[in-house]
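Peer 1: For reference, the chains in residue letters:
Number of protein chains: 2
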Amino acid sequence: MIPKDHPRYRSLVARERIADAVRSGIVVVEGASAHGRGEAFDYLLGEETSASAKRAEKTAAAFLMAGFRPVISVNGNTAALAADEIRDLAEASGAAVEINLFHRSEDRMEAITAHLKAKGVSVLEGTAERLLPLSHDRALCMRDGIYAANVVLVPLEDGDRCEALVSMGKTVITIDLNPLSRTAQTATLTIVDELTRALPNITRACREMSPDTGEQLIADHDNTRLLYAALHTMQENLTNAMD
Amino acid sequence: MIPKDHPRYRSLVARERIADAVRSGIVVVEGASAHGRGEAFDYLLGEETSASAKRAEKTAAAFLMAGFRPVISVNGNTAALAADEIRDLAEASGAAVEINLFHRSEDRMEAITAHLKAKGVSVLEGTAERLLPLSHDRALCMRDGIYAANVVLVPLEDGDRCEALVSMGKTVITIDLNPLSRTAQTATLTIVDELTRALPNITRACREMSPDTGEQLIADHDNTRLLYAALHTMQENLTNAMD
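Quick mapping for you: the protein sequence lines, in order, are chains A and B.
For the first sequence, numbering that gives the first Met the number 0 assigns the number 0 to the initial residue and increments by one for each residue that follows.
For the second sequence, numbering that gives the first Met the number 0 assigns the number 0 to the initial residue and increments by one for each residue that follows.
Check each hint, because a few of them may be wrong.
Stated by the list, open to error - If you want a taste of the chain A side facing chain B, the calculated C-beta under 7 Å gives, among others:
| hint | residue |
| --- | --- |
| 1 | L11 |
| 2 | V12 |
| 3 | R14 |
| 4 | S32 |
| 5 | A228 |
| 6 | N236 |
| 7 | L237 |
| 8 | A240 |
Derived by calculation from the structure, the hints in this document are not laboratory data.
All residues carry an ideal CB built from backbone N, CA and C; glycine is no exception.
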């Protein structure tokens, strides 16, 4: 048990959740090392949501609310870390939830579907088809889900997948702690923040935002500026660490 | 198979080795996420050995060569990533090799011993005793190994362990990609570099260094300066990424 007053409590709980999820078959080992990479970048962010990330989260809410059949794409790490937060965001935004795995197997699809349903998430079910411009099973998605959506939230996504979705003309929102990753650099909107901090902020904005505010955020959106701001925050924290 | 001309070939091979080692029981899931954290920091180092890390590696060689019964402490990640490099360094420095696991179990001890022996590493064997000022099995080490050594190389070490060894008056050398970690901040000498780049550099220095050069490196050693230099390299790389 991690003591609740540990200064890095949330981070350690997340780490433990990922390890447990590997043991229960929801997350693959590669997902655990990807989580570790995220942890390191979050450490450099000071493990808190920056002002630019807050703005990115509000903008994400605006895109989702304005979207046509928006979809939240959920992989193993997202399911393990944030099933409750995904349920709340789906409800607040009206987005559908589709499971999309990089290391896809029927067993994992079933384990993750069961885990999400147990948390009250409505999961799109049916047959996936090869509809993305990618090779092999990486191309799989649902015709009524990601394929039909014009706005897709893909937290913790792989670079190839992100590029494929952008190339299809979709508005792609990602949550990625590494502002230099290909996913971060390719997405329409990149939220450089930790998943369980980011999702509730998007949910709150979906509930509270006026359509006018949303339109303005979309009109003013500049992803390069958001990425620079995230890099700048990391630089500042490194500088402070040297004092 | 990862293509040899991939710009991040070494990093991807290491990632794959860790995932395989989890599946074979040498590395625990927590080791995979720790590896991911290291990968992220190495990314910020540009995945190359900095000038200050080169100096740290030479100084490590000097400490090992001057040490009394020096020991290299090997955990699951180190065994999975660098068994060959550990063998070569043990030969060049005359240091003994002791297995020391944070998540200790008899099965893992046996799997790692077998793996190292298959690579030609001479591993200290015998009964471990609770000799470190730590609780539970974290206190275990060998009386003729780490306990007797005045210089210990502990790559990828946990902060509590590192502190315990320092508190016993030992010269503690670590290899840690996060210059802000407790291990990095506590050790006598911190090499901020990737394990399989660092170890061969230490080995080479053990073979080539004159005693006079070694004495001078030890006399001039300033760990705070090394840590600052590593943070500075990361800052510069972040700045370059923003150009």
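Peer 1: Look at each hint and say if it fits the structure.
Peer 2: Consistency of the hints with the structure:
1. L11: violated, 11 Å
2. V12: V12 (chain A) check fails; min Cβ-Cβ to chain B is 13 Å, beyond 7 Å.
3. R14: Since the shortest Cβ distance to chain B is 6 Å, the answer is holds.
4. S32: holds, 4 Å
5. A228: violated, 10 Å
6. N236: Violated - the Cβ of N236 (chain A) stays beyond 7 Å from chain B, reaching only about 9 Å at its closest.
7. L237: holds, 5 Å
8. A240: holds, 6 Å
In summary, the structure is inconsistent with hints 1, 2, 5, 6 from the numbered list given earlier, while agreeing with the others.
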